[in-house]
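Number of protein chains: 2
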Amino acid sequence: MNAFVEALRALLGPAHVLQGADAAPFERDWRKRYEGRALAVAKPGSTAELAALVKLCAAHGVAIVPQGGNTGLVGGSTPDETGRQLLLSLARMNRIRELDAANLTLTVEAGCVLQAVQEAAAAQDLLFPLSLGSEGSCTIGGNLASNAGGTQVLRYGNARELCLGLEVVTAQGEIWDGLSGLRKNNSGYDLRDLFVGSEGTLGIITAATLKLYPKPLAQMTALAACDSLESAVALLGLAQARAGSGLTGFEVMNAFSLSLVRRHFAQLPQPLPESPWTVLLELSDAEGEQHARALFETLLEQALERGLILDAAVAESLEQSRGLWHLRESIPLAQSQEGLNIKHDIALPVSRIPRFVAETDASLQAAIPGVRLVNFGHLGDGNLHYNVQAPQGQDPALFLREQEPRVNALVFDAVMAHGGSISAEHGIGRLKREELGRRGHPVALDLMRAIKKALDPQGLLNPARVL
Amino acid sequence: MNAFVEALRALLGPAHVLQGADAAPFERDWRKRYEGRALAVAKPGSTAELAALVKLCAAHGVAIVPQGGNTGLVGGSTPDETGRQLLLSLARMNRIRELDAANLTLTVEAGCVLQAVQEAAAAQDLLFPLSLGSEGSCTIGGNLASNAGGTQVLRYGNARELCLGLEVVTAQGEIWDGLSGLRKNNSGYDLRDLFVGSEGTLGIITAATLKLYPKPLAQMTALAACDSLESAVALLGLAQARAGSGLTGFEVMNAFSLSLVRRHFAQLPQPLPESPWTVLLELSDAEGEQHARALFETLLEQALERGLILDAAVAESLEQSRGLWHLRESIPLAQSQEGLNIKHDIALPVSRIPRFVAETDASLQAAIPGVRLVNFGHLGDGNLHYNVQAPQGQDPALFLREQEPRVNALVFDAVMAHGGSISAEHGIGRLKREELGRRGHPVALDLMRAIKKALDPQGLLNPARVL
Chain A
1 MNAFVEALRA LLGPAHVLQG ADAAPFERDW RKRYEGRALA VAKPGSTAEL
51 AALVKLCAAH GVAIVPQGGN TGLVGGSTPD ETGRQLLLSL ARMNRIRELD
101 AANLTLTVEA GCVLQAVQEA AAAQDLLFPL SLGSEGSCTI GGNLASNAGG
151 TQVLRYGNAR ELCLGLEVVT AQGEIWDGLS GLRKNNSGYD LRDLFVGSEG
201 TLGIITAATL KLYPKPLAQM TALAACDSLE SAVALLGLAQ ARAGSGLTGF
251 EVMNAFSLSL VRRHFAQLPQ PLPESPWTVL LELSDAEGEQ HARALFETLL
301 EQALERGLIL DAAVAESLEQ SRGLWHLRES IPLAQSQEGL NIKHDIALPV
351 SRIPRFVAET DASLQAAIPG VRLVNFGHLG DGNLHYNVQA PQGQDPALFL
401 REQEPRVNAL VFDAVMAHGG SISAEHGIGR LKREELGRRG HPVALDLMRA
451 IKKALDPQGL LNPARVL
Chain B
1 MNAFVEALRA LLGPAHVLQG ADAAPFERDW RKRYEGRALA VAKPGSTAEL
51 AALVKLCAAH GVAIVPQGGN TGLVGGSTPD ETGRQLLLSL ARMNRIRELD
101 AANLTLTVEA GCVLQAVQEA AAAQDLLFPL SLGSEGSCTI GGNLASNAGG
151 TQVLRYGNAR ELCLGLEVVT AQGEIWDGLS GLRKNNSGYD LRDLFVGSEG
201 TLGIITAATL KLYPKPLAQM TALAACDSLE SAVALLGLAQ ARAGSGLTGF
251 EVMNAFSLSL VRRHFAQLPQ PLPESPWTVL LELSDAEGEQ HARALFETLL
301 EQALERGLIL DAAVAESLEQ SRGLWHLRES IPLAQSQEGL NIKHDIALPV
351 SRIPRFVAET DASLQAAIPG VRLVNFGHLG DGNLHYNVQA PQGQDPALFL
401 REQEPRVNAL VFDAVMAHGG SISAEHGIGR LKREELGRRG HPVALDLMRA
451 IKKALDPQGL LNPARVL
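Residue numbers (UniProt numbering), protein chains in the order written: chain A, 1 to 467; chain B, 1 to 467.
Just so you know, these hints were derived from the structure itself, not from any lab. All figures in this text were calculated on a predicted structure; none of them were measured in a lab. There's no promise every hint is true.
Identical copies carry no separate label here, and so any pair may be met within one copy or between two of them.
What the hints assert, rightly or not - SDA-like cross-link-like pairs, simulated, lysine to any residue; straight-line CA separation at most 25 Å:
{"no.": "1", "residue 1": "Lys343", "residue 2": "Gly36"}
{"no.": "2", "residue 1": "Lys215", "residue 2": "Ser351"}
{"no.": "3", "residue 1": "Lys215", "residue 2": "Gln240"}
{"no.": "4", "residue 1": "Lys215", "residue 2": "Gly288"}
Work out the full structure, taking the sequences as your base and the hints as a guide.
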């Protein structure tokens, strides 16, 4: 191993190979669920250096754990405890390579922070729509490797749909230049989408060509109060029909989620009285604010007439719009102030959500009387963060320790029964690997294992993640 | 082989195993470029039957050529000349399995004709946006296997983007049920997108869950005359900024394309005087006709002011709109009336198109004085059907025979130099297999071969297509 680290230092320069205390920040995931020890942290400065590094690893049989901004939620990008895995940080590879405004594309390196990508687009009055809580520190390479979702998926799709081409270093240390700015390209198998979402287990994404959009002239937000999830789903259908793809956000929050925000962030205004479900709608408009407002008014009036909503409030200014989003975004913080809970990132057909929630809420209440559900998420995408909080007064840490397997089994059984997914946007990593092995379709798992073996026969790329 | 055919008859019933004259219509592609001989034509009636059939083929080492509506353009779905390949027709597997209006999804079997899929959606006032010339006979399985494009890609994406989940029979005859109606699902590798576009070489798509959209209240079409492709590209940018995703069509036609329509379909009205380039724009509007018309008027006025267009005509009725589309759709027929030509289905970054066309037109004129370019296509997607017609008075068949390799080399060299693709929406099949082998990125080709070997080690699925 010493010979390997020496060769690595010679390749990257000693400043870019970290060990000991310097390596520590890379060895623990940000939620502090996974803490490992890396052989070293390697920070290549270019694709060519990274490719040489992978060849070196292959020659020495050293496993590689790629890491972007280390904001993952499933333990996919920190090393295990053996001290034998190389942590590969893409942080130095963060150049914006090319913006082609007429083609609406942007080519960036994997280590670019998402916010920097957004800003590069905005500087040309264009929009890169991927947007999520960690955008100030997550990297586009990590976003693509985990096929990140976020708040604009309803209109623009996941990270996958925003990517036109990739540059990838294979397990053999070869460079595939697939940086295409093409909207149509049917020449062979779709390698791009195979690497997107593979969490660094099939190859290492080093750069990407991304889709841009014209920046909407106006964005406007409204809150609506619903007495049931059935009404919220019907409101979604109405909003999609009336606003078409102008509807760029449709988030749902249950009463308990917002009560936690009220308790822990009392200063945040909540314009609507408490109701079982609150929906946040966002319109993006190519024509301007007046048009967006008129559309909102017609839409919400129709929803009131049809009895789909109890009440609604349209933001009067950009600041108020931001305030409404801030409410939604404060839920994760408010729940962590309330204490640890059992988190789920699940997806369901939208049509199944009301029944899933009714049934699963009831089963959980029957199993653990007084249990509290922090249920919120991207209803427009069928994606709920269905989080289970200890009954009032119980120790959250103890609850997590004692109840997590039972709660997970109950929730995931219900998800599968309704044709859903146990991982909507966070990925599998280490956290859900066993669950995938148990619940994945056996033929799909065989296909995935065959692909893994074909592309990474030595098993050196992010081992024991996903599969 | 006799034992195999007997076993096949026992499996499917004798009525569903065709030979001799009954098999003939399946043995020739519709452009009549490929004519082969099949061992037999097998028409299974269910996924289970199809899976058993694949197991039988694997046991006997019989290669399988899947076929949907037999409308492919690259020889991907007809058998070779050996008489040893089984032609697998999906035609009997054409059930609409489920429409979930609240989830905006539709699950159909692979043999459903595209138009039947569109109609099933329309019956619920919903839209399945995939639309192409052969929609009356092509099947959704073939559309997905070849990742078909068409005229609505600008807004809704290719067949790939319209597919949420698949059911696939593997080369081992196993059934993968991946029929998910989920918008977000990050649980393992993206098998769906690996099968989509793999042209039946990795597995056989037997059913799919497709995305639906609310039906726009209005659709409106306009023609605009441009003096250059640079202006047409600038008009595209303006239209995207002003109309956002309301812009659902942006087609371009050069003067020669429209002159062929004028010559061969004189009865079709052409509302604008001849100009170097004519653009067809389509708006889809969730608010109604009046809104669409106002948007068109503002947009075209701005384009006139900026000198991007010479003239424009907005359709006054649905019938006129259809008439403008009919103009565009008559180009392939008009050119075939004019005689055989050398067809290309290429994609380029939109920003590169003006220079590509100027340079390639000039090189072709220099190489073959008097050569005529039937250049039209989906400019919004960077996809041109850049077809090369013999000089006036020359025998088209002779021209094709003598000039095709030279013309292809010249066009494809230019495509590659501009970062384009030699197959935008038609696929590789047999027609472009050698070209892909020559021009594909060597690392990509190695990855594809590894995947093919891993998933179909016997090499029985559509052999000698794609790779």
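A quick look at each hint next to the structure:
{"no.": "1", "hint": "Lys343 <-> Gly36", "in the structure": "within (22 Å within a copy, 57 Å between copies)"}
{"no.": "2", "hint": "Lys215 <-> Ser351", "in the structure": "between (31 Å within a copy, 19 Å between copies)"}
{"no.": "3", "hint": "Lys215 <-> Gln240", "in the structure": "both (20 Å within a copy, 10 Å between copies)"}
{"no.": "4", "hint": "Lys215 <-> Gly288", "in the structure": "both (11 Å within a copy, 23 Å between copies)"}
Figure legend: structure checked against the earlier numbered hints; every hint is met.
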